[in-house]
Structure formats: C-alpha cells, structure tokens
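Novice: Given next are the chains, with one letter for each unit.
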Amino acid sequence: MVAAAASDTAAQRRAAKRSPLSVAGFKKTVSRHAEIGIFLIAALLILVFSATSDGRWANAYNIGTILQVTATLGLMSVGVALVIGTGEIDISVGSTFGMGALTYLSLVQQIDPPLAALASVAVGAAIGAFNGLLVTRTGTPSLIITLGSLMIFRGIAIALTDGFSFSVPYKMRSGAMYTAFGGDSIGMFNTGVFWLVAALIVLTAMLKLMPYGNRLLAVGGSAASAHSRGVRVDRVKLQAFILCGALAALGGTLEAGKLGFADGSMGRLMELQAIASCVLGGCLLAGGRISLIGAVMGAFVLSSIQSYLVVMGVRPQWFMLLLGLIVVFAALGDRKLRAWALKR
Amino acid sequence: MAHPLISVKNLDLYFGAFHALKDVSVDFNAGELVGLVGDNGAGKTTLIRVLCGIHKPTKGEVWFDGTQVKEFHPKLAIDNGIETIQQSVGLCDNLSIARNFYLGREPVRKILGIPFLDFAKMRGESRKVIREFGLRDNVSADDEVERLSGGERQSVKIGRAVEFMNRVVIMDEPTNHLSVREREHVNELAVQLKEQGLLVIYITHDIFQVHKLADRIVIMENGEKVEDARTTDMTADELEEVIRQGGRKVEKRGAA
Amino acid sequence: MKHLVKGQGFGAVIGVALMLAVFSLIDFSGWWTAQTMSNVIHYTSILGILAMGQALVIMTKEIDLSVGSVYGLAGIAFIMLQPALGVPGAIIAALIIAAAIGLLQGFGVVKGGLPSMIVTLGGLFTVRGIIYVWTGGSVKAFPEEARNAVVTRLFGGEILGLEAAVFWMLAIGAVLNLMLWATRFGNHLLATGGSAESADSRGVLTGRVKITAFVLCSVLAGFAGILTLADQPQTHVTIGDLMELEAISAAVIGGCLLSGGRGSLTGAVLGAFIVTSFRYELIALGAPSSWFITFVGVVLIVAVIFNQKLARMAGHSV
Chain A
1 MVAAAASDTA AQRRAAKRSP LSVAGFKKTV SRHAEIGIFL IAALLILVFS
51 ATSDGRWANA YNIGTILQVT ATLGLMSVGV ALVIGTGEID ISVGSTFGMG
101 ALTYLSLVQQ IDPPLAALAS VAVGAAIGAF NGLLVTRTGT PSLIITLGSL
151 MIFRGIAIAL TDGFSFSVPY KMRSGAMYTA FGGDSIGMFN TGVFWLVAAL
201 IVLTAMLKLM PYGNRLLAVG GSAASAHSRG VRVDRVKLQA FILCGALAAL
251 GGTLEAGKLG FADGSMGRLM ELQAIASCVL GGCLLAGGRI SLIGAVMGAF
301 VLSSIQSYLV VMGVRPQWFM LLLGLIVVFA ALGDRKLRAW ALKR
Chain U
1 MAHPLISVKN LDLYFGAFHA LKDVSVDFNA GELVGLVGDN GAGKTTLIRV
51 LCGIHKPTKG EVWFDGTQVK EFHPKLAIDN GIETIQQSVG LCDNLSIARN
101 FYLGREPVRK ILGIPFLDFA KMRGESRKVI REFGLRDNVS ADDEVERLSG
151 GERQSVKIGR AVEFMNRVVI MDEPTNHLSV REREHVNELA VQLKEQGLLV
201 IYITHDIFQV HKLADRIVIM ENGEKVEDAR TTDMTADELE EVIRQGGRKV
251 EKRGAA
Chain R
1 MKHLVKGQGF GAVIGVALML AVFSLIDFSG WWTAQTMSNV IHYTSILGIL
51 AMGQALVIMT KEIDLSVGSV YGLAGIAFIM LQPALGVPGA IIAALIIAAA
101 IGLLQGFGVV KGGLPSMIVT LGGLFTVRGI IYVWTGGSVK AFPEEARNAV
151 VTRLFGGEIL GLEAAVFWML AIGAVLNLML WATRFGNHLL ATGGSAESAD
201 SRGVLTGRVK ITAFVLCSVL AGFAGILTLA DQPQTHVTIG DLMELEAISA
251 AVIGGCLLSG GRGSLTGAVL GAFIVTSFRY ELIALGAPSS WFITFVGVVL
301 IVAVIFNQKL ARMAGHSV
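Chains as they are written, first to last, in our numbering: chain A, 1 to 344; chain U, 1 to 256; chain R, 1 to 318.
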C-alpha cells in the first residue's frame, strides 16, 4: 500500500514537472483513479443535502442509518465489482442476499451467531460457485446464468418463508456475539460498517497488492492475453463469483441481524442497486477496470439520496425514478470523464 | 544429442469441421534457430499455439525434452520454459507495464505469510526493458499498456521473453509494426538467444529476412509441413519458389 | 428437416415437445382442460409479443431490461388517458409513450456509447418510477362503458371464441418474420448483431438499426400491456414487474443467442409458451406460486446451455 502510494505521488510529481498546468496532473489522476468522479459527486451531495435539509439529513442518527444501509449494499457492490472486474456480471446477488439473511435467521436461534453467520456466508459462496461453475464450464453468458439463479433463489426464498416466520425473539437480540453481526451500533456506527471497512481493506489489498488481483484484472482486460500468460482464466472467474456470493450473503446476514426478521422478498431489486453502485463508482462493465472504494462510495451516494428523499418527505416512489436516471447519467458522465482524461 | 527438445509426431487438429493441422511431424533442437515460414492461413500460428499450450491437438503426440506432453495449458508451457511472443495477445491494455511484465508468475514478498506483490522488482525489471528497447522517455513502468504504440508493445513482449530464463522462445511475426531500427534489434536478439543455447522458433512470411538468421527453415502450407531444409542446403530463392508453388514442387521432387 | 435442425428455434421445438409429454404424464389435475389451455394461450400471446420484441433487440447484440416497466406504463397510460382521449386516442398515446422510451434508450446506447444493460436498467427503474409517481400508488379501474367500446373489444375481447390477443400475436409474428427474413432492414438487423464492424463497413447504419430495434421492442411491450388491460380492467402499479425476466427467458429459450446475429421469432413465441405453461402447470399441481420463478430460472439455464450446444453442433462459433 505504501509503495503504491509513494509511486503514485512520484508519478504525479513527474506529471507536474512535465506540465506546469495543474489540469494535466488532474487528468493523470483521473485516468488512473476511476473513482474520482464518485468522490466529487458524494462531496457535492453532502454539501447540498446538508444545506437544504435544515439539519434533518445531517445529524448523527440519520448518518448512522445511511451508513448501515451503505454497509449492506456496499458489501454486495464490492462483490459485484470483483465479478465485473473479470468481465462477467452477477445479477443474482439480490437473491443471494436474501438467502444469506434467511440462513442466518434460521440458525441464529439454535447456534452461536458467528457459526450462523459462517453458515450464511457458506451458502452465499455455494450460490457463487453454482454461478461460476455454470458460466466457466459451459461458456454461457453470465448475464443469463445469473438471471436464472436470481429467479431460482428468489423462488426458493419465498417458498421458504411461506408459512414459516424468520424472526429472532426480542430477548435474544442482544449479547456481544449477536451485536457483532449488525445487531446493534457502536457509537453511531452499526457493526455492519466495521465489516464493510474490513472487507474493503482486505479486498483492496488483494486487488492491488497480490498476484490474484493482478490476474483478476488481467482476465477482465483481455482473457486471451491472460490465458496466453498462463493465467487459469476459468479458475479466476470462479473465485470471483464465489467471493461475490459470500459477500452478498454477509450483507444479508448483517441486514438480518439489524432487523431481526426477514421475508422472502428481502434483497429484491438490490442487485440493480449494487450494479448501479459499481457503475457510479467507475467500474467498467467491459471488465478490467474497477474500484472497490468507488463501488462503496456509489452505495453511499445511493443510500444518501434515498435518505434525503425520506427526510424531506418526498414520496419514496421518486427514489426509483431518480435511481434510473442516476444510473444512466453516471455511466454517461463516467465515460465522458474517462475519454477526457485519456485524451493526450 | 540424445533427443530433440521438442518433437511433434503426426499432429492433427480440427476446429469443428475445419482441419487446421494435417499430420504434422517436426523436430526442434536446442541451440537452433528455426524459421517457420508459410503464407497466411498455412497453420504456422496454429502449430505454435499447440506448442505453447493454447490449443490441444485432436490427434498425435508432442514430446518435450524426452517426455510426452499430456496436458495442454499455457501455464504448463511457461513453467517448462517455453516463452511465446504472439502477435495479437500477451498484453492486457488495462494493466501497467510492470503488472503485465510478470503476469501469471508475479514475484511476491511474504509479509506475515501473505503473498504481496514485489513492486520493486516488477518496476525495476520492466524499467530496464523500457530503457533497453528505447521506448519513449516519458513512458514509465506504471503506465498502462493502453498508451503504448504497436512497436512499443512488441518491445515489451520481446523484452519479457528475453528476461526470463527460458529454454524455448517462440516469436510469431516479431517484427511486424516495428521500425527498421527496432527490427534489427529484434533479429540480433534472436541470434543471441540461439547462441546462448536456447531453441528459437521464428515465425514469419518473409523468407528472405529469416533465411539470413536461421539454421533451418520449415515451410507450412494449408496445414501441412511441405519443406524442412537447412539454410545451407537451400537458398532463399529456392525456398521462396516452394512457397509460391504451394508445396507442389516439393512433392514432385520427392517423387523423383 | 436439416433446415429445421439448423434453425435457431429448433431447441424450443424440442423443449415444447418434451414439456407437453411430461405434463401429460404427470397430469393429475387437468392441465389439458379447456380453461387452462385458454389461459395458457392467452398469456402466451401477450408474453410472446414481448418476447419477439426482446428477440429483435438480442439479435442486434443488445438487451432490453426495461420491457416489464414499459409494458406496465403503456397499460397504465391507456387507462389513465382514456377519460381524456377516448379509447383509440389513449391507445395511440400509450404507444407513442412506449416508442419514445425505446427511442431514448436507443439513443443512450448508440449515441451515448453505453452498454445497453446499463441504459435499460436505468430505464427499468425510471419507467417504474414514473408509474408510481404518476398514479400515486393506485390505479383506477377501467370504466364500464370504455370496456365495452368496440375498439377495446377489438384488443381485449374474444373473436371466434379465442382471445383477440391470439390473433394480434399471430399477425404481429407474421409481419415481424416477414420483416426479418424478407426485407433489407431484416438483413441489416442480423448483420448488425453478427458483426457490427462488417455491417458498418458495408454501409449499414448500425446505429439506426439498433435504435429501430429498441423502438420496436418498446412498442411491442407497450402493445402487450394494452392488450392485457383491454381484457382485464383492474390493475396495480406493480403490473409487469419481473416481466422482463420472463421475456428474456422466452427469447433465450427460443434460441436467441446473446452473442447476437442469430435468433428466431417463432422460437421466442414457443419460449413464451413454455414459460407460460410452466406457470399454469404449477398452479394446476397446487404448488405455491413462488416455485414458478424458480422453475423459470431452471428452464432458462438449461435452455441457454442446451441451445448453445445445439448451435455449436451446427458449427456456429458461439
């Protein structure tokens, strides 16, 4: 991490030396760091929302809520970003999120929360393996395969909750172990936030500093080139799908821990929000260029907007409309920014 | 020498219904520079793609250093010391030069048992290649390959092949997109590698260029091997005639 | 026979045969009853129209995720605008709205240079949001006199004992098939999906072809929505939710390859038939309705793998 940062500043110094204009330096930064756009948007939104909401948006309680939503959506988005990095897509994560939540809730009353969470993550990883194996073994487009598993596991989730209630009695919703999985807050931060931060650090280190990350991006950049250099393309993709499933299920676990109950529609349409977060965060759908912190910031921006609409008393229906427009314009803006940065 | 370094025996390869390689048998020895020549679509690239593990042959055997190759994957070929410089693939546009340089066999430094990339080594080696091959001054090891020109990309690939301790270097049209100066440099390198005892397979459709360098010329046509001659036995003009005739003249000569 | 096997819809033909055989074997609750068949055929017609539009887009190597929302919006626009514009006026207005959405999405993909998945994902949300915002969460019932208007009966009534939707689907299918296989535009559309670069180099305006495909897809989705609501006057803001999944499934089951350039409109309708039959078979078997989406998911995955194998056997590189 240190080495990378040091070289980046060195590169910027060089860039600055070459051209005294700071625009050139900024261009270089933008071309290397796709997530710049989302940070600018986030900063702007925070300013606007704080200024216009009369303290209803920018208060500890509301920010805490936003961060909790960011944590669960962000974990999912980070997983999707990894899969997008390999040039594939996983739109089954909403259902995986729901399955993770149900697994956790059904087990947490009998066994320790950490074990229940582990089981939930294992279920998510299994769903990811199911997707990954089908995609790599049959060479079918991941969009279709994961569309199929989106439906399969949503159907199973609804069937599971049909007649059974998945909820934890109030008296059991305490204890350090239960709290650790989204059950409560430390200060203004829901414990889910710490999971997100930990996952973000570990995965970013893996992506930027370890051989696996190098290979993952290489597979997304050019699968043929990666293959010719001896990278096992299918294995890399499979691992990304498994990670994605596990992260989505972890997100579901944290949400279930927070709410204490779940129904079959849990996580519905969240796959779309997760993909939106990735696009907002500067991940290129064609693969090879992703930013995990960008995806998390994307999740933060989406949950901030949602919360702003709520506190301002705007009908929640508007969120859906805005979400659609944001996705398209974010993608367009990202493309323009990148094109500008690559122009010599 | 007891056995050839690479021995291909009665190789057949089909792509669906297309018969890409037809009963090809050829030996390659260490310390040899072999020119693999033929028109477009003759099967030269397909043959070397089998050797570097990208394609699995439908029928026939490949022997490497006295043992038969059973499993075909680029990783195994690279681990065996077969380095290939291909025309279209080999570099990922989205990664930096340093990251591309070691792709698939990244050097690591363990910190607390976790394998972290050894950036110092990755940058150092690729910087050396950048200087040696005279890439533009403002190209740094951290720049993405996307920014490089065709010649610069080729230089990185060749530099990478030279850098690792290999036994075989396969060059597929290595001088395409290169300037005259860069071309000379590549050809010198090919000869140097051979003199170090490596097997160099040099693929081109320019018989005159490779005749000056090679010890032996193998000509392919339509998926078949049609000629295999030492450069001391046949002149470039004679070989060119073989290519022009699409191998027919050879068959006549063989019959007579 | 050889022509049939090489055709992209062949997998769907096998699927339909297999499914009918299985359903007949495990049929204890009367899948073959007149009521069930009538429902299956009616819903197949509606989903078939959506699936054909989706198939056209997939053939240009794009995808349209917004059809479920467009289907809903056009249907709701039809009801909401009817008091002001009358039945024919409301139908035309609803179709114009659908076409405009398709046009915007097509522009986003072609002029904006964005992946169609992102643009139409945005479309899915935006259009659904418009439905919520416009209706305020509840939709009025279609008034009695409008239901009985001649034009409404033409779309939602019965003709010769069959639902009008069936005839509309057949007519649209015939026209689209003719357009795809016998006109210059059809040739351009397939070429655009097969290799946009090559098509460009031969002077095909690939951008315009794609935009047209998106417009057609949205108009067809909107038309299907109008057909639905002309028949069934009561609705809800969630109308068409997840329909995009069913439509894509039907098109893929029917042999459309996501690699573009190959597909079958007839196959898409057969795919719609398979998806719909599963829904009613499960209802007939008394399974919870949630199993339906699970089954569609399974069928989708099996079909896409099977169709791909079939295409590879036919010697296509996919």
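Each hint should be verified, as a subset may be incorrect.
[Claimed, not checked] Below, simulated DSS-like cross-link-like pairs (lysine-lysine); rule was C-alpha separation at most 25 Å, straight line:
#1 LYS140(R) x LYS336(A)
#2 LYS208(A) x LYS9(U)
#3 LYS140(R) x LYS61(R)
#4 LYS110(U) x LYS70(U)
#5 LYS121(U) x LYS59(U)
#6 LYS121(U) x LYS70(U)
#7 LYS121(U) x LYS110(U)
#8 LYS309(R) x LYS336(A)
#9 LYS208(A) x LYS128(U)
#10 LYS111(R) x LYS56(U)
#11 LYS59(U) x LYS61(R)
#12 LYS258(A) x LYS336(A)
#13 LYS59(U) x LYS128(U)
#14 LYS75(U) x LYS9(U)
#15 LYS70(U) x LYS208(A)
#16 LYS70(U) x LYS59(U)
#17 LYS56(U) x LYS22(U)
#18 LYS75(U) x LYS110(U)
#19 LYS9(U) x LYS22(U)
#20 LYS59(U) x LYS22(U)
#21 LYS121(U) x LYS208(A)
#22 LYS70(U) x LYS56(U)
#23 LYS59(U) x LYS75(U)
#24 LYS309(R) x LYS61(R)
Keep in mind that the hints were calculated from the coordinates and are not lab data. Model, not experiment: these values are computed from the prediction.
Novice: Confirm or reject each hint.
Specialist: Tested hints:
| no. | hint | result |
| --- | --- | --- |
| 1 | LYS140(R) x LYS336(A) | 43 Å, violated |
| 2 | LYS208(A) x LYS9(U) | 44 Å, violated |
| 3 | LYS140(R) x LYS61(R) | 39 Å, violated |
| 4 | LYS110(U) x LYS70(U) | 33 Å, violated |
| 5 | LYS121(U) x LYS59(U) | 42 Å, violated |
| 6 | LYS121(U) x LYS70(U) | 34 Å, violated |
| 7 | LYS121(U) x LYS110(U) | 14 Å, holds |
| 8 | LYS309(R) x LYS336(A) | 40 Å, violated |
| 9 | LYS208(A) x LYS128(U) | 23 Å, holds |
| 10 | LYS111(R) x LYS56(U) | 42 Å, violated |
| 11 | LYS59(U) x LYS61(R) | 36 Å, violated |
| 12 | LYS258(A) x LYS336(A) | 39 Å, violated |
| 13 | LYS59(U) x LYS128(U) | 43 Å, violated |
| 14 | LYS75(U) x LYS9(U) | 22 Å, holds |
| 15 | LYS70(U) x LYS208(A) | 35 Å, violated |
| 16 | LYS70(U) x LYS59(U) | 12 Å, holds |
| 17 | LYS56(U) x LYS22(U) | 14 Å, holds |
| 18 | LYS75(U) x LYS110(U) | 22 Å, holds |
| 19 | LYS9(U) x LYS22(U) | 11 Å, holds |
| 20 | LYS59(U) x LYS22(U) | 10 Å, holds |
| 21 | LYS121(U) x LYS208(A) | 16 Å, holds |
| 22 | LYS70(U) x LYS56(U) | 9 Å, holds |
| 23 | LYS59(U) x LYS75(U) | 21 Å, holds |
| 24 | LYS309(R) x LYS61(R) | 19 Å, holds |
In this structure, the earlier hints numbered 1, 2, 3, 4, 5, 6, 8, 10, 11, 12, 13 and 15 are contradicted, and the remaining ones agree with it.
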